[in-house]
Amino acid sequence: MDERLEKAIEISNIMKTLSGQKKILKEKYQNDLLFFYNGSQFLVTYDLISFCNTLISLNQEEHILVDDNGIPTLIENIEDFRSKIVDTYAQASNRYYTEYNKLKNKRSIKDIIDL
Amino acid sequence: MSKGILVFAFNNSHINYISQAIELSKRAKRHLNLPVSIVTDIEIQNSVFDNVIFYNLKSQNIKQYYDGSLSNKGLAFKNDARIAAYDLSPYEETLVLDTDFLIADDKLIHCFKQKNDFCILTNAVDIAGFRDIREFCHVSDKSVQFYWATIVFFRKTELNKIFFDLLNHIYENWYHYKQVYQIEGRTYRNDHAFSIAIHIMNGFVDNDFAVPIPGSVLYTTDRDILYEIDQDDFVFLIEKEKRLGEYTLVRTKNQSVHVMNKFSLDEALKNE
Numbered sequence: 040m041d042e043r044l045e046k047a048i049e050i051s052n053i054m055k056t057l058s059g060q061k062k063i064l065k066e067k068y069q070n071d072l073l074f075f076y077n078g079s080q081f082l083v084t085y086d087l088i089s090f091c092n093t094l095i096s097l098n099q100e101e102h103i104l105v106d107d108n109g110i111p112t113l114i115e116n117i118e119d120f121r122s123k124i125v126d127t128y129a130q131a132s133n134r135y136y137t138e139y140n141k142l143k144n145k146r147s148i149k150d151i152i153d154l
Numbered sequence: 043m044s045k046g047i048l049v050f051a052f053n054n055s056h057i058n059y060i061s062q063a064i065e066l067s068k069r070a071k072r073h074l075n076l077p078v079s080i081v082t083d084i085e086i087q088n089s090v091f092d093n094v095i096f097y098n099l100k101s102q103n104i105k106q107y108y109d110g111s112l113s114n115k116g117l118a119f120k121n122d123a124r125i126a127a128y129d130l131s132p133y134e135e136t137l138v139l140d141t142d143f144l145i146a147d148d149k150l151i152h153c154f155k156q157k158n159d160f161c162i163l164t165n166a167v168d169i170a171g172f173r174d175i176r177e178f179c180h181v182s183d184k185s186v187q188f189y190w191a192t193i194v195f196f197r198k199t200e201l202n203k204i205f206f207d208l209l210n211h212i213y214e215n216w217y218h219y220k221q222v223y224q225i226e227g228r229t230y231r232n233d234h235a236f237s238i239a240i241h242i243m244n245g246f247v248d249n250d251f252a253v254p255i256p257g258s259v260l261y262t263t264d265r266d267i268l269y270e271i272d273q274d275d276f277v278f279l280i281e282k283e284k285r286l287g288e289y290t291l292v293r294t295k296n297q298s299v300h301v302m303n304k305f306s307l308d309e310a311l312k313n314e
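Read top to bottom, the protein sequences are chains A and W. In this text, residue positions in the first sequence follow our numbering: the first is 40, and each later residue adds one. In this text, residue positions in the second sequence follow our numbering: the first is 43, and each later residue adds one.
Hints were generated in silico from the structure; no laboratory data involved. Note that the structure is predicted; figures quoted are calculated from it, not measured. Virtual Cβ for every residue (Gly too), placed ideally from N, Cα, C. One or more hints might be untrue.
Where chain A lies over chain W, by a calculated footprint (3+ residues, C-beta under 8 angstroms) [what the hints assert, rightly or not]: (1) 148 to 157; (2) 255 to 268.
Over the 12 angstroms line for every Cβ pair with chain W, so calculated as not near, a few chain A residues [unchecked claim]: (3) M40; (4) L94; (5) I95; (6) D119.
With the sequences and hints as input, model every part of the structure.
Here it is, written out as structure tokens:
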């Protein structure tokens with residue numbers, strides 16, 4: 040095989056493996072962003088955090104939020120709720136950032152998979 | 043209220059579902075701290091199970107089991123006990139799991155903390171990423187939404203009793219329902235029976251009788267190979283697109299995975 044093609048295919052295989060690992064990492068991140076509160080499930084997003092901030096700035100203490108399954112849930116203490124979802128977001132994002140950076144600099148399949 | 047996991051394990055000539063169930067039970071206790079009951083047709087003496095429930099199967103199918111993309115075998119597929127889960131379960135709150143589900147995190151504990159009385163897996167993610175997943179979206183091209191009976195959570199309520207009775211009715215009249223819901227293939231599948239029953243319970247429209255299990259669940263098909271299990275790290279060989287017999291290495295860490303290649307799961311468990 041032409042050496043140039045051989046090298047390109049080797050890189051192609053590495054990129055394929057890398058892309059698979061990134062996909063799995065992203066899936067884990069999405070699961071880590073789930074926050075459970077009084078039997079309801081919320082995916083922590085920028086929108087959710089901002090909306091809680093808006094409610095707090097309007098001096099709302101409790102409010103109804105609709106969870107991921109469409110179930111209305113009474114949030115009795117919005118500030119406490121906001122603090123917990125920000126914590127969930129920070130932990131998940133830090134983990135994602137660390138793992139992603141470990142991965143992105145790896146340049147062989149053996150390193151990527153940690154064999 | 044009593045809580046626990048119910049697992050169904052019926053060996054065939056090549057696949058040791060019991061050893062898979064033992065692995066599942068150990069992982070369930072470690073990650074979820076829940077008791078596990080097994081439903082089977084042979085005598086088992088293993089302390090990892092809190093209850094061993096004997097069940098006489100009504101029938102068995104023959105299914106093609108793949109072991110990677112190049113090898114397959116037609117083997118007995120004994121899957122009709124799951125419809126009796128409501129009556130068999132010793133728990134008020136039950137999580138039914140497939141034996142080929144490798145638990146590596148505690149996400150499923152939230153099933154017991156949420157308010158809905160019936161949850162089922164809908165958000166399953168193929169690790170390969172390129173495969174045609176239409177069969178896992180709808181039971182057939184022109185039919186209803188697909189639900190995975192791989193993970194089912196239910197509380198013992200009147201409504202859920204009606205649901206499981208309906209499942210029994212669907213099973214007994216499978217040929218009729220298979221026609222009505224335009225399901226191809228001859229093999230009875232719990233995924234399809236559960237999907238049909240949910241559609242009926244929903245009033246034949248999209249509705250909320252069943253809500254999704256919290257989060258998503260990764261899966262590999264039987265065309266992939268489980269290469270190694272090291273505690274909660276799993277290494278897979280995932281089939282390559284349009285490259286028969288070639289694979290891409292993938293490692294998962296602290297993420298539960300549904301492993302459909304039973305041969306390689308058995309093999310990896312022996313080598314663990």
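Next on the checklist: Tell me the hint numbers this structure goes against, listed in increasing order.
Outcome noted: Violated hints: none; all satisfied.
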